[in-house]
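Colleague: Here are the chains, one letter per residue:
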Amino acid sequence: MSTITLYSVSYDLASVLLGALGSILPGGARAAITSADVVTGLSVLIFGVILLAASMLNTILLIWWERKLLGRFMDRRGAMHVGYAGLLQNFADGFKLFRKDTVRPREADPLGFLTGPTAYMVTSMVIFGILPISTGWNSGALPLSLLLALAIFSFAPLFIFVSAWSSNNKYSLMGGMRSAAQMIAYEVPLLLAVVAVVIVSGSFSLTTIVTEQQNYWYWGPLVLALIVFVAAMLAEMERIPFDLPEAEAELVEGWNTEYGGMLFAFFMLADYLRALVGSILVVLLFLGGWTMPSWVPSAATSFPLAGIVWFMIKTYLVFGVFVWIRASLPRVRTDQLLRVGWNRMIPLSLLAVFLAAALVIVKCLPVFGCLPSVGG
Amino acid sequence: MSAPASSAPATRPVVPPGATLESPAPLPMVDQPAVPFIEIETLRSKEFIPAAKEALGSLIVEQGQTKVVRPVFNWAGRNSLFPLHWGLACCAIEFAAAFGARWDAERFGVVPRSSPRQCDVMIVNGTVTWKVAHKLITLYEQMPEPKWVIAMGNCATGGGPFRTAYSVVPGVDKLVPVDVYIAGCPPRPEAMLDGILELEKLIRERKE
Amino acid sequence: MSEMWINMGPQHPMTHGLWNLRVLIDGEMIVDVDPEMGYLHRGIEKISEDRHYNEVITLMDRCCYVAGFAWEHLYIIASEEALHLEPPERAQYLRVLCDEFQRIASHLMWYAAFVQDLGLMSPFLYGMRDRDLVLDLFQSYTGARMTYEYMRVGGVRSDLPPGFTDHARKVLDWLTDRFVEYDQLCLGSDIFRKRCDDLGTLKATDCVTHGVTGPMLRSAGQKRDLRKDRPYAVYDQLEFDVALADSADVTGRYLVRMEEMRQSVRLLRQVLDWLDRHPGPVLADRLPRWLGAPYAPVGKEGYLLKRNYPKGVGFSAVEEPHGEAQAYVVNEGGEHPYRVKFRSPVFANISAARQYLVGYHVADIPPIMGSVDVCVGEVDR
Amino acid sequence: MEPVDLTAALGPVLGDRLLGVEAFPRSAGRIRFERSGALDLFRAVRDSLGFRHLSMVGGIDWTDHREVFYVVWSDDRREYLFLSTDVPADDPHVESASGIWPSANWHEREAWELVGIEFDHHPDLRHLLTPDGYEFRPLLRSFKLHEPEELEVKTRHV
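Chains as they are written, first to last, in our numbering: chain A, 1 to 376; chain B, 377 to 584; chain C, 585 to 965; chain D, 966 to 1123.
FYI, nobody ran anything at the bench for these hints, they're computed from the structure. Be a bit skeptical, because a hint or two may be false.
[What the hints assert, rightly or not] Only pairs whose alpha carbons sit at most 25 Å apart, straight line, appear in this in silico DMTMM-like list of lysine to aspartate or glutamate: (1) LYS754(C) x ASP75(A); (2) LYS812(C) x ASP790(C); (3) LYS807(C) x ASP1041(D); (4) LYS511(B) x ASP618(C); (5) LYS895(C) x GLU1032(D); (6) LYS807(C) x ASP1012(D); (7) LYS511(B) x ASP1097(D); (8) LYS1109(D) x ASP634(C); (9) LYS1109(D) x GLU639(C); (10) LYS812(C) x GLU1044(D); (11) LYS68(A) x GLU765(C); (12) LYS577(B) x ASP101(A); (13) LYS787(C) x ASP1012(D); (14) LYS1109(D) x GLU633(C); (15) LYS895(C) x ASP1051(D); (16) LYS68(A) x GLU566(B); (17) LYS511(B) x GLU1100(D); (18) LYS787(C) x ASP1041(D); (19) LYS812(C) x ASP1041(D); (20) LYS511(B) x GLU620(C); (21) LYS68(A) x GLU576(B); (22) LYS895(C) x ASP1029(D); (23) LYS550(B) x GLU1112(D); (24) LYS895(C) x GLU1044(D); (25) LYS511(B) x ASP101(A); (26) LYS550(B) x GLU1100(D); (27) LYS812(C) x ASP1040(D); (28) LYS68(A) x ASP716(C); (29) LYS778(C) x GLU187(A); (30) LYS170(A) x ASP610(C); (31) LYS812(C) x ASP830(C).
Hey, can you work out the whole structure from these sequences and the hints?
Modeller: And the structure:
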């Protein structure tokens, strides 16, 4: 395996940059600017910029992936004419939205109208600083990274509600209310499904959870938790069949009805950032992260950055499943959604926790390592 | 968008009337390269920030706007035209058919949005009556700039077969400025896509 | 949250046209509704008074843009009655062919719009795709996809092109297979059943009281189809069943429309067989010249002085895809109809909106109104 | 089903307000009545004869007078019945049928705004198709259509 890590790359970059800068400065300043602290600080900054760029790029690619996939499900082709196979379509959309006017309705609350989308976008992006992509490609193995990621993930309804309420539109308000109710209802089963994973892996650290899956991926023993997690994640991501807050048929565009231009781009981007986070979490918690089963030939797993490649393939496939669900299911109603959330999902997730605990107690987990399909 | 084109770019400092031309000599910036070369010595002096500002400013303002920013935004604007999702009359059915599997307007990046705030182009797909006229104007005004209007079909163009009727606006250009007219009653989906491509051409040739 | 009025329309994804549903909501519950129509009122009845009889057909296509043939047929029957004309039999069969294909096209359009209201994305594309196949057939003999101007007072404009019937049969085979897929996509989905069962219920007695007709009435178990009850054209010589359901809800309307498409396929097979076997004229040979029929023979026999032309009143009722449409044409002996009055089925169906909307959720409005199948063109005329 | 004898069935109810029964092709017939007997006739037609479904209400402007016609349908007889009454042009009042057949509501609103027939005791006589405050009655013969003039519309963005 390669020893390159994201941090080492940014550290090298920072040293080279500062070294070049120092060569043109007088002696005292050179010493000050090339000191270890400055290099470390700059490398962290570079690290953040790389992460930001990578997550944005992936998000835009994810939108393209969804549009093409959705097109295929619908007997058509999706974006075709901008760039090769429409690859640049989303860049065009982004630049266009960047240039468009942002209209703030007169009656809208100026503070909430602007801060809502921005905070939504920022909190969605911060999670990427925590998620490990491969060994070494994270911000360091925080002991509670899973908890932190989910905590930031659950900020969203607050900001959605703020932006919906402050845009002073009845449809927006209804969308915001639905969004808050839905996300709060599905937060509980989501976390309980995660608890099952934590019980089995014995750690809150995402890196540890993945390394624990070297022998068997968790979707085998924790299939119930996986189902609950995916369903709750669909509700958290507000995708069909749970896209009630944006239900186009009755609430025009849901809580982003009054938003145009860059703020609307923030919403779209943050939605897909969250979709990416959801897919990544499914891969990390249940599909073994960047690990591959032992029956996969070693040539496929030992080239440089193999972990990232496999991780991204898994992530995009998981997102493809979400798109598939979107293409084939109708939307549920608010009361049905909440009833399912409180009456069905929570008992199911509690059952999943119980099963996980039982598996740990009777020590039959290694059995799953024998199955070739779940890894090994 | 409709702001008048600014006067000639200020490449040469304006000499106030009555001043002599000998001192100070105006900077001959026209013949110089766009990015003035910065001496290393300048970097250490107090002039670093003004010099860098000048260099970067001339790069971004003059070169960037005309050679990078405008073409990129123009390319983006014309390739991502979101029409308003609404249906007035018969043409709305062909409008919907253009998003169907056979024509698939999404190939060109055309995705209908239901909220006027997120739209770039309003496709008036049908007969406009006086009763809906002020709502149409409101919708047009709710759309953020830059925005365009396509009059789809004969009714939106000039009233069509209902031109003489008491309740019909004889052409939507009486209400909002129209960029592209599509003939047909109703126009086929191909014609609608052709109208959108025509609008793209219009945007490409636009002088800002 | 206290009660508040929201305007769904005129620009709203739910409306599928240009109308405004004012809804009084309490939280997510509907307390009262008030449909506001007229945004597409184009004065068709008035313009018709200034037009020749055959020129009104142009307006009929645009009156209901998803069921142009049905409205052409409606008007043609009434004006032939008012003008005392009789079309040849082959023209009658051709009209039935048009009507039934139009019913399939209209129902496919309804299907596409209805599933989209439920948030089901792919079937919208499937519905539009299959509708295009039917429109291709129309295009092959009328030259237009939606606005045909094919029927004439006294017959139809032209005969079918060669090879049409074989191609039409292929399309029918394809459609029959697709109907199964549609059912799998909708009825096979638990979410669909959960959302549509017992939704927008309107019992048969209420339907009759409020003038509701068509699939909405038949989904309540009332067997009423003008093609059976008051046969026009040649429907009395063809075999078909009236599609019925007894649940009176959105699912029932879905089932009725799906079954109607199947029955239309059955009818069309008979009509295509008949057309293959019986060539003949498609336009009456004794037509008054001032009727403006471009293909009418102009001669001594075909000429009729307009001042001698007998007055008359024509009434027709046609089972349109949306329900029961009626036309009332008054001929006062001129080149133009004196008065044309239409009854649109959707007009009556929407006017009863309070009966089937109040008490449900806001999220139920799109599927319920989708199951009504609103075509604003014919409501506002 | 036996063809119904409309004169025998309605004569006792309406008396001389029944002006006549005409034959109308492919229907039960056409009843002409005096407008003062409207409600009695509607009730008799709905309850005694079983025509429970009102399909259409329309108005015709005959320049000297206006005609209001009703089309009703019976599910038992499977046929239509036409009712028709004349109202003078200067006093175009007739009793509303929407108390008998609720489906008459919108049809009467339409006939009111387009032909100018006043329906008494109508629950909700508002504009339906034309904008609020539209003072013309477009379907009168005196209302002529013409090519639109070159009109200058003043909008806020010119």
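Colleague: Looking back at the hints listed earlier, which ones does the structure fail to meet?
Modeller: Every hint satisfied by this model.
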